[in-house]
Each structure stands twice: as C-alpha cells, then as structure tokens.
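Student: In the order they appear, the protein sequences are chains A and B. Just so you know, we're using our numbering here: the first sequence kicks off at 1 and counts up by one. Just so you know, we're using our numbering here: the second sequence kicks off at 1 and counts up by one.
It should be emphasised that the hints constitute simulated quantities derived from the structure, not laboratory data. Just so you know, these numbers come straight off a predicted model, no measurement behind them. Glycine residues also receive a C-beta, built at the ideal position from the N, C-alpha and C atoms. You may find that some hints are simply not true.
To be verified - Label-pair restraints from in silico Cβ distances: (1) B:Phe61 to A:Ser177: 30 to 40 Å; (2) B:Ile160 to A:Val38: 19 to 29 Å; (3) B:Gln139 to A:Ser193: 43 to 53 Å; (4) B:Asn64 to A:Leu216: 11 to 21 Å; (5) A:Leu19 to B:Thr133: 50 to 60 Å; (6) A:Leu46 to B:Asn4: 25 to 35 Å; (7) A:Phe207 to B:Val57: 13 to 23 Å.
Residues per chain are reported as follows:
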Amino acid sequence: MTWDWQVFLQDTGGGETYLHWMMSAWGWTLSVAACALVVALSVGSLMGILRTTPNKWLVALGNAWTELFRNIPLLVQLFLWYHVIPSMFLVLRGVPSFVLVVFALGFFTSARISEQVKSGIRALPTGQRYAGLAMGLTLPQTYRYVLLPMAFRIVIPPLTSESMNIIKNSSVAFAVSIAELTMFAMQAQEETSRGIEIYLAVTGLYFISAFAVNRLAMFIEHRVQVPGMIGGGK
Amino acid sequence: MNLNLDFGFLNWGVISSFVAKGFIFSVQLTLVAMIGGIALGTMLALMRLSGKKWLVVPAAFYVNTLRSIPLVMVILWFFLLIPLLIGRPMGAELSAIITFTVFEAAYYSEIMRAGIQSVPKGQVYAGYAVGMTYGQCMQLIVLPQAFRNMLPVLLTQTIILFQDTSLVYAIGAYDLLKGFEVAGKNFNRPVETYLVAAVVYFVICFSLSMLVRRLQQKIQIIR
Chain A
1 MTWDWQVFLQ DTGGGETYLH WMMSAWGWTL SVAACALVVA LSVGSLMGIL RTTPNKWLVA
61 LGNAWTELFR NIPLLVQLFL WYHVIPSMFL VLRGVPSFVL VVFALGFFTS ARISEQVKSG
121 IRALPTGQRY AGLAMGLTLP QTYRYVLLPM AFRIVIPPLT SESMNIIKNS SVAFAVSIAE
181 LTMFAMQAQE ETSRGIEIYL AVTGLYFISA FAVNRLAMFI EHRVQVPGMI GGGK
Chain B
1 MNLNLDFGFL NWGVISSFVA KGFIFSVQLT LVAMIGGIAL GTMLALMRLS GKKWLVVPAA
61 FYVNTLRSIP LVMVILWFFL LIPLLIGRPM GAELSAIITF TVFEAAYYSE IMRAGIQSVP
121 KGQVYAGYAV GMTYGQCMQL IVLPQAFRNM LPVLLTQTII LFQDTSLVYA IGAYDLLKGF
181 EVAGKNFNRP VETYLVAAVV YFVICFSLSM LVRRLQQKIQ IIR
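So that you can see chain B by itself, here it is in the shape it has in the complex (with noise of 0.2 Å):
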C-alpha cells in the first residue's frame, strides 16, 4: 500500500478560491430543483389524480418518460435542445437547474401522488359537503397533510438530488466535485481532492439522513 498524501495545499485559500464557488452553486442547483421540482411535480401528481383523460395521460407520459431515461442523458437532451429553441446558447450552470428542476418534478410527483392518496378520501368529501370547492379542498385539507406525511420521503429525495447535481459534469458546469477536481488539477493532487470530495460528500449527505431519520420519529410519534 502507497499511501504518500500530503494534504497540506488545501489551505482556506485554495477552498476559497476553488471549492467555495462549487458548492454554492451545488446548493444553489438542489434548493432551486427542490422548490421546483416539488411545486411541478405536485401539480403534476394533482393531474394525473384528477381523472380527466386529457389530465391524466400528458402527466402520465412526463413523469414514466424522464423516470426511464438516465438523468446524464437528459442533462445533455436539455443542454443541446434549450438552446436550439431559444435561439442563443446558454450556460451550463443555467441549463443544469432548468433541466434539474424538470427531471426532479417527475420523482416528486410520484412521492406527492402517494402522499395524496394516503389522506383517506372521506375527508375530501366532507369537504365537499360543507360547501368548499376543488381548490379549497385540496389547499386547506389533502395538500397540507400530504406534505407533512411524505416530508422524510421528499426530504430523501432531496438528498438524493444534492447527489446528482455532481452529474453536471457531463456539461462541465461548475459544481462541488468540478471545483475539487479543478483545484486538485492545479496543484497536481488529484487523489487528494478525490479523496476529500468524498468526504465532504459523505458527511453532508449522512447528516442530512441522520436529520430525516430523527424527523421521522417526531413525526410518528406525534400522529
């Protein structure tokens, strides 16, 4: 085993310098996906609930379509199609939380759509019999429950998704990993970097599900 690490060039001015400007933007791309990717993806579970053909099977077809494509390809269709349609090139940084926030909304629409369905539907219909309308009924009595029942669910989603935003590489936008490995370039310490990338992987992502899990007990022990 040849373990020569040296460790020493990662001072706070490398990490200012290189690492900083990644990991803002890799949570810049996850918190914007995650308000997105929730606020599409509950409309579309809304739709495809709500019975109506001509609801129903566009919804259907966007969320099984982005479900079996591997995101690497739909972070490339969207960086060669957006483009294409607006007539002037775009930064990678930007197509990336376009196309994040367009492929997360098919996941999240699966997790609210079983969220929904698990407020009992008799309580939908009390609140058709004293008078609300659709909308109403769904804001003030299935929405807000089916947050709360799904927020470790959609809370793991999410953390999944801080995990893919590191396949922005395929575009070679600015991401955490492209700022480690763009630093360990410089110095000529790529099994450093590497190395240090993963830990800092590691530890936000299992704190994060540690937090979720603690969550989930609350959660359970209140209702």
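With the rest of the complex left out, here is chain A (with noise of 0.2 Å):
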C-alpha cells in the first residue's frame, strides 16, 4: 500500500479543496460541541442542583430528567429530536438541524453533568448548608455563596472528561447529515477511495480537539484552586 496525502489537494468538485472541506467540517465538530457544551453545563448543573434541595417535587424533577435522557442512547434521541418533535409541534418545523443537535447533545450529556454536580454537592460537608441557613441566608444564596463555589472547584475533572465526551459524541450527528468530521470522513472516503488518509487525519483532529479541552480546563482548574483547599495544593 502506498500513501497518497495529496488526496487533500484534490478538487472535491465544488470549486475547493479536501482539506478546505475537512477544515470546515472541523469547525463544524467544534461548533456542535461547543453549543452542546453551553447547553449541557447549564441544565445539568440547574438538575443536579435541584436534586440537593429539600424540596421532595423539585428532586424527583431532577431524578426524572436525568433517568430520562441517561436511558435513551444518543443516536436515537438525535432521531426524536429530528424527525419526531418536529412532526409533533409545526411550529419546530423550519428549526435548522445544527439546533436540533445542540439540544439532542446538550440534553443527553446534561443527565451525566447532573449526575456529577449533584455527587460534587454531596460531597461538601452537611454542616456547610446548616451555617448557611443559620446565619440567615435564603436557601437560593446558601447555594450562591457557600454550596456552589466549592462544589463546582470539586467537580472539574469529571466535567473535563465530560466536555472531552461531548466532542467525541459530536460525531453522532453525522445521522442527521450535519457536515461535521465523521460525516465528512464518510464521504470523502466513498469519493476519493483514500479512507486509511482521511480516517488518520480526521482522527487525528479529535485527538487535538480533545487534547486542547483536557489542556484548557487544566488550566482553569489551576487558576480557580482555593489555597489549602480540595486540590488546592500551595
């Protein structure tokens, strides 16, 4: 077998190159995570918060969401997401699918999130919630000023494998003809014949990608650590 990587300066017949178009599928990867990501981080965290109140309806809301979107593989939830609800509210019809992936994405990873913040809450010590409230704080601000900021610090690293996932399960979309890189990997492979070229150089994209998530959210690690505290080291 011989390598040929010039098959990325090929002419996809659309007036650009491979490379133009693996380029902008990489965008679209990112894009599909990103959004997701947004969508996952604030309605996990709002689920997982209200697992901990007090309140008896507000947890078995958040247990409800979170057994829903944790049972159902992604793939078919992209699928009601796509051809279900949009059949069932007319007024979702003209919606882009590029949104209808977000929320399928950020709604399934959202259910792990919620897991996470929910254990990250547990975590700190009871007697934290009990100042709070003695000292004459709402229930809303013990969580603003005392729960939260500790359990949020507690809880990076598994929302760093989370947001390493999101990216990886990007790659789903490409059942609903989103252009990103495992779509493009498809096509161009039927195209051009040189799938060993362009599965290395998608792979390794994804490699980068979440390569680059594990490294920024390193860093914002290290920059929130409280001295002396939970990972605070120095």
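Mind assembling these two chains? They're in different frames, but the hints should get you there.
Tutor: Below, the structure is given as structure tokens:
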C-alpha cells in the first residue's frame, strides 16, 4: 500500500479542496460540541442542584430528567429531536438541524453533568448548608455563596472528561447530515477511496480537539483553585 | 401540538419480521462484546499493572488511543481496515462484533485496573509468602475480589455498551434501532417507530440500571 496524501489537495468538485472541506467540518464539530456544552452545563447544573434541594418535587423532577436522558441512546434521542419533535410541534419545523443536534447532545450530556454536580454538592459536609441557613441566608443564597463555589471546584475533573466526551459524541451528528468531521470522513472516503489517509487525518483532529479541551480545563482548574482547600495545593 | 399518532400497524407480525432480528443482534453484540471485552480488558489491566515496561507501554497506548477516538470513527476504521487485512469483504454485523469487543476492552480494562488496585497489596504478598506463583495469586486471590468489587461498574458499562450498539447505524448493520427504522419506512410511520424505539431502549436500560443499583446495595451490606 502506498500513501497518497495529495488527496487532500484534490478538488471536491465544488471549487474547494478536501483540505478546505475537512477544516470546515472541524469547525462544525467544534461548534456543535461548544454549543452543546453550554446547554449541557446550564441544564445539567440546574438539574443537579434541584436534586439536592429539600423540596421533594424538585428532587423528583431532577431525578426524572436524569433517568430519562441517561437511559435512551444518544442516536435515538437525536432521531427523536430530528424526526419526532418537529412533526408533533409544527412551529419547530423550520428549525435548522444544527440547533436540534445541539439540544439533543446538550440534553443527553446534561444527565451526566447533573449526576456529577449532585455528587459534588453531596461531597460537601452538611454542616456548611446548615451554617449558611443558620446565618440567615436564604436557600438560594446558601447555594450561591456557600455550596456551589466549592462544589463546582470539586467537579472540574469529571466535567473535563464530559467536555471531552461531548466532542467525541458530536460525531453522531453525521446521522442527521451535519457536515461535521465524521460525515466528512464517510463521504470523502467514498468519493476518493483514500480511506486510510482521510480517517487518519480526521482521527488526528479529534485527538487534537480533545487534548486542547483537556489542557484548557487544567488551566481553569489551576486558576480557580483555593489555596489550602480540596485540590488546592500551594 | 399535532398528535396524529397511529400505533395500530405495530402488531406482532411486524415486530417479529422487522424488529426481532435487530433486537437479537443488539443483544448478541452486547453479550459478545461484554464477555470478550472483559477478558481482553482484564489482560490489558494486568499488563498495565505488571510493572514491566514492554507490557505497560503497549497496553497503555491501546487503552488511551481507543478511549480518545469517537466510537463511530472506530467502527468506520474497522469496517475499512479488516477487509484490507484479510483480503475479502466482511459483513457489517461481524465487523461490528469485532469492533465492539476491541473497543470496549479499553473501557473494561480501566474498570478492572481500579478493581485490582482495590485489593490490598498485603494479600498478594501473603499469597507469595505461602508459595503461590503470580498466576495463582491473581487467579485465586486478586481477580475474584476485583470482579466482585467492580461488578456494579462492569454492569453499568455494559448498559452503556448496549446503548452504544445503536451506533452500528454508521455501517448499516441491522440492529434494534435499524429494525424499528425499517418497519417505520415500510409503513410510512417513522414518527411512531422512533418513539417506540426510544421507549424500548428506555425500559431495557432503566430496568437494568435499577437491577444494578439493587445489586450494589446487596454487595455493600455483605462486605
């Protein structure tokens, strides 16, 4: 077998090279992942917090959310967003598939994040909550000023691996024809028959993306650490 | 809201001719990949904990590489590479079984590594002290406890594996999701079949995770 890396300089027939196409596909992968991460972090944190409140209805809501989105495969959830929801709610018919993928991936990941935020809050001594309430803070204030600042620092490592997972999981977007890396890999492989070169390049880009997220998270973890506290070091 | 759903076409005949075949394949894929993945994963974990560089480095490379590539890409890689290596085309189903075994081994190996490390080191020394070989020590002392400690995590990973089997969609293998999809296309009722597919996956995964939770509590009480 011989290498043929020049395949990336070939024209795709649309006036651009495969390299261009791959770079724009990388952009799609990163945008899907980044937007989904924003959705997942906000919804997941909210659900995780609800599951630790004293109100049993809020706890039940958080639990139901988590179980629902954790126990259906991501691809099936994606098809629900893409095929089922627009046909039930006609208003959503014009929504671009990018937005649907972002919500599918975001809600799927929010279940995992809610689990981690919950255990992060549970990991704090109960006395901190009581101390906050005893000082006259309201429950939301206790969360805002006492519990969450420490809980979020505790969950940075698992959130890092979820952020890396979200890049990997964004690859299912090929199933609804988003022009992201996996879709590019499948189509370019078919058109050029240089599958190995194409797959190697795409795999490399996934590596780089996940590695970059990892470094960024370590930087954040280092910046926000509280000296003398959990993971605080110096 | 437009709820014009009609599940009437989903009778036993349709389910047995379209869905059953896919369901059997999904279960088969999950079971083979679980057994093969745990066996291969345990071997990788033992390699990584052996302390011998020529065993540690390849095992770590294997695990870390597979864990940082999206599963869909791994499925595509194997579907492309296996025919090149063996020189003849291979069916999507068989290719999926090989891929999942190899891929899940990386994840099971991390679980087994944690399990082996959860056994106190003194037990291994005790084993050596009464004259056991490395193999006997592992087989009779460490691995049984490692499996037992990690059983809930291994089963949770298997539930994730079952969910991930739906990704064989990428190479067109006929699994549970595909079965529903084909039925939906034939009767022009995709909305209903995707909904039913979601419910079926949910019921299976939710009840299994409840079982794992109960098992976990049971193990905790005994220990």
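Student: All the hints need checking, so say for each whether the structure fits it.
Tutor: Okay, the hints, checked on the actual structure:
1. Take phenylalanine 61 of chain B and serine 177 of chain A: their Cβ atoms lie about 34 Å apart, and the range 30 to 40 Å holds.
2. Distance hint check for isoleucine 160 of chain B and valine 38 of chain A: the Cβ-Cβ separation is about 24 Å, which falls inside the suggested range of 19 to 29 Å.
3. Taking the beta carbon of each, glutamine 139 of chain B and serine 193 of chain A are about 48 Å apart, inside 43 to 53 Å as hinted.
4. At about 19 Å, the CB distance of asparagine 64 of chain B to leucine 216 of chain A agrees with the hint of 11 to 21 Å.
5. Roughly 56 Å separates the CB atoms of leucine 19 of chain A and threonine 133 of chain B, a value that falls within the hinted 50 to 60 Å.
6. Remark: the range hint 25 to 35 Å for leucine 46 of chain A to asparagine 4 of chain B is upheld by a beta-carbon distance near 33 Å.
7. At about 18 Å, the CB distance of phenylalanine 207 of chain A to valine 57 of chain B agrees with the hint of 13 to 23 Å.
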